[in-house]
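*Asks:* Got chain E; can you put chain A on it based on the hints?
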Amino acid sequence: GAVVSQHPSWVICKSGTSVKIECRSLDFQATTMFWYRQFPKQSLMLMATSNEGSKATYEQGVEKDKFLINHASLTLSTLTVTSAHPEDSSFYICSATGNSYEQYFGPGTRLTVT
Amino acid sequence: GQQVMQIPQYQHVQEGEDFTTYCNSSTTLSNIQWYKQRPGGHPVFLIQLVKSGEVKKQKRLTFQFGEAKKNSSLHITATQTTDVGTYFCAGKATGTYKYIFGTGTRLKVLA
Numbered sequence: 001g002a003v004v005s006q007h008p009s010w011v012i013c014k015s016g017t018s019v020k021i022e023c024r025s026l027d028f029q030a031t032t033m034f035w036y037r038q039f040p041k042q043s044l045m046l047m048a049t050s051n052e053g054s055k056a057t058y059e060q061g062v063e064k065d066k067f068l069i070n071h072a073s074l075t076l077s078t079l080t081v082t083s084a085h086p087e088d089s090s091f092y093i094c095s096a097t098g099n100s101y102e103q104y105f106g107p108g109t110r111l112t113v114t
Numbered sequence: 001g002q003q004v005m006q007i008p009q010y011q012h013v014q015e016g017e018d019f020t021t022y023c024n025s026s027t028t029l030s031n032i033q034w035y036k037q038r039p040g041g042h043p044v045f046l047i048q049l050v051k052s053g054e055v056k057k058q059k060r061l062t063f064q065f066g067e068a069k070k071n072s073s074l075h076i077t078a079t080q081t082t083d084v085g086t087y088f089c090a091g092k093a094t095g096t097y098k099y100i101f102g103t104g105t106r107l108k109v110l111a
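Protein sequences appear in the order of chains E and A. Going by the working numbering, the first sequence opens with residue 1, and the numbers climb by one from there. Going by the working numbering, the second sequence opens with residue 1, and the numbers climb by one from there.
Bear in mind the hints are in silico, worked out from the structure with no lab data behind them. In this text, all values refer to a predicted model and were calculated from it rather than measured experimentally. Be aware that a few hints might be false.
[To be verified] Listed below are several chain E residues computed to face chain A (Cβ distance under 10 angstroms; list not exhaustive):
{"#": "1", "residue": "Q29"}
{"#": "2", "residue": "F34"}
{"#": "3", "residue": "N70"}
{"#": "4", "residue": "N99"}
{"#": "5", "residue": "E102"}
{"#": "6", "residue": "G106"}
From the three backbone atoms N, C-alpha and C, an ideal C-beta is built for every residue, glycine too.
So that you can see chain E by itself, here it is in the shape it has in the complex (with noise of 0.2 angstroms):
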């Protein structure tokens, strides 16, 4: 079946500092690639989709210039956490969909801002 990875898998970091989360698609090429953010025992909360060679789209709320989305290959999206605080800490999942509908979804990163 299809994989996605992230990494790291977890990371703390100073607040104020950036931090750079990878998503791959380790079998497919993922033509759409999504973020989310998940509070402990909470739903997963969509911040952005992001499509191979463009800008990514993101939901009303979320800051764009504090959560930067690269999508650079089929393969890959990043998404740094820029100017970290405490308030960032959380699960950070990406899911990435092909050619069929089934999001596939990474492990996610938990983020903790100190």
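*Replies:* For chain A alone, coordinates are given in the frame of chain E:
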């Protein structure tokens, strides 16, 4: 904006009992997907429903899409401990490209 609610929020059942979660969208959907997320894991795709009134079965799981395409349900017959997890519906509104996830129903199965 589009909202997708699920009830109940939590459900504890004895192993062998049935379980149902209901999903309601504020807008008409073009299709709906269901995902399962095990504790500590990531969502895994279960199924997609497209047609009004559609019913699909996967072993002990029965999925239904409402006639008005605004609601859906997932029913599990004779739950097992392996059914533990959070079940999410995700709806795609007509004319949009994205899926909005429901609030989820967390299922615990007591052996």
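*Asks:* If a hint holds in the structure, say so; if it does not, say that too.
*Replies:* Against the structure, the hints come out as follows:
no. : hint : in the structure
1   : Q29  : violated, 18 angstroms
2   : F34  : holds, 7 angstroms
3   : N70  : violated, 19 angstroms
4   : N99  : violated, 14 angstroms
5   : E102 : holds, 4 angstroms
6   : G106 : holds, 7 angstroms
In terms of the numbered hints stated before, the structure departs from hints 1, 3 and 4, listed from lowest to highest.
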